[in-house]
Amino acid sequence: MNGWVELRIPALSQNESFARMVVAFFALQAGDWSVAELNEIKTAVSEAVTNAIIHAYEDNLDTGDIVVQGQATPGTLEVTITDFGRGIADIVRAREPLFTTKAHEERSGLGFTVMENFMDELTVTSSPRQGTSIRMVKYLNLTTVQ
Amino acid sequence: MGFSTRYRGNILVVSLSGELDHHTADELRQTVEKELDKDIARHILLDLSQLVFMDSSGVGVLLGRYRRILAQGGKMAAYSLHPHLEHLYEVAALSKVIPAFASENLAVNELKKDEGLRR
Chain A
1 MNGWVELRIP ALSQNESFAR MVVAFFALQA GDWSVAELNE IKTAVSEAVT
51 NAIIHAYEDN LDTGDIVVQG QATPGTLEVT ITDFGRGIAD IVRAREPLFT
101 TKAHEERSGL GFTVMENFMD ELTVTSSPRQ GTSIRMVKYL NLTTVQ
Chain B
147 MGFSTRYRGN ILVVSLSGEL DHHTADELRQ TVEKELDKDI ARHILLDLSQ
197 LVFMDSSGVG VLLGRYRRIL AQGGKMAAYS LHPHLEHLYE VAALSKVIPA
247 FASENLAVNE LKKDEGLRR
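Going down the list, the protein sequences come from chains A and B. The numbers in the first sequence follow this note's numbering, run straight up by one, and end at 146. The numbers in the second sequence follow this note's numbering, run straight up by one, and end at 265.
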């Protein structure tokens with residue numbers, strides 16, 4: 001089934017579960033995803049939305065928006081999470097496992113590692129003071145076949 | 147998310163349910179810290195049978211508690227890992243620091259394994 005969804009939410013931590021649920025429900029009605037795959041999608045979305053809240057807007061309660069877009073084509077789910085915050089200074093470094101700018105806050109530095117492992121494609125685009133966009137693609141049955 | 151704590155000897159058993167993410171991590175952190183401040187717990191044991199979701203923010207808060215109990219000479223373990231958490235456990239290599247066991251008793255045996263030797 002082809003389809004799309006777009007969700008614009010304030011960058012607040014209570015919206016993390018809402019965002020991942022919306023994407024999971026969208027994926028569920030668009031394709032025959034397994035429970036394990038849906039859980040991977042939920043986790044990847046949670047990582048991207050959490051990154052936007054913590055890093056793009058630095059946990060500032062008077063904050064900006066996050067846009068979550070989902071696109072489904074037969075066998076494919078594409079999710080894009082966009083913020084309008086500070087941007088990522090060094091994307092290559094940010095994507096390194098265990099790298100975090102906020103170790104003192106008990107951040108594990110595994111957000112991008114989880115996104116990469118749980119989805120099939122990950123593209124990060126970012127501009128200083130303009131924001132960051134995370135595009136993730138997952139292919140139906142690709143992970144279960146392996 | 148929900149959680150409850152109890153003691154089994156010198157082991158603080160924390161049962162987690164629901165979803166552990168950035169939003170719910172603080173509550174868990176504060177609860178466990180408060181229990182550790184009582185100086186009863188030598189080890190921490192997590193019941194993960196009802197925890198249906200966790201992301202890397204959850205990993206962060208678990209590793210934070212692991213570091214504290216390790217610094218006190220204790221260990222941390224888990225049991226009944228929910229199937230939804232298996233992939234994250236693997237990607238985050240959590241088994242190396244918070245090994246997951248099939249049952250509470252197996253985990254308790256592991257936690258208490260070296261205790262007799264020191265006494």
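What the hints contain is simulated information worked out from the structure, not anything from laboratory work. Think of the CB as a built atom: it goes at the ideal place given N, C-alpha and C, for glycine as much as any other residue. It is possible that some hints are incorrect.
[Stated by the list, open to error] Pair by pair, the computed Cβ-Cβ distance ranges are: (1) B:R214 x A:K102: 16 to 26 Å; (2) B:G155 x A:A89: 31 to 41 Å; (3) B:R214 x A:N60: 37 to 47 Å; (4) B:N255 x A:E105: 48 to 58 Å; (5) A:S127 x B:I186: 31 to 41 Å; (6) A:G3 x B:T177: 36 to 46 Å; (7) B:S195 x A:R129: 39 to 49 Å.
Evaluation of the provided hints:
1. B:R214 x A:K102: 16 to 26 Å: holds (18 Å)
2. B:G155 x A:A89: 31 to 41 Å: violated (49 Å)
3. B:R214 x A:N60: 37 to 47 Å: Violated, since R214 of chain B and N60 of chain A (Cβ atoms, about 28 Å apart) do not stay within the stated range.
4. B:N255 x A:E105: 48 to 58 Å: violated (35 Å)
5. A:S127 x B:I186: 31 to 41 Å: Check failed, 51 Å falls outside 31 to 41 Å.
6. A:G3 x B:T177: 36 to 46 Å: Holds, since G3 of chain A and T177 of chain B (Cβ atoms, about 41 Å apart) stay within the stated range.
7. B:S195 x A:R129: 39 to 49 Å: With a Cβ separation near 45 Å, S195 of chain B and R129 of chain A satisfy 39 to 49 Å, so the hint holds.
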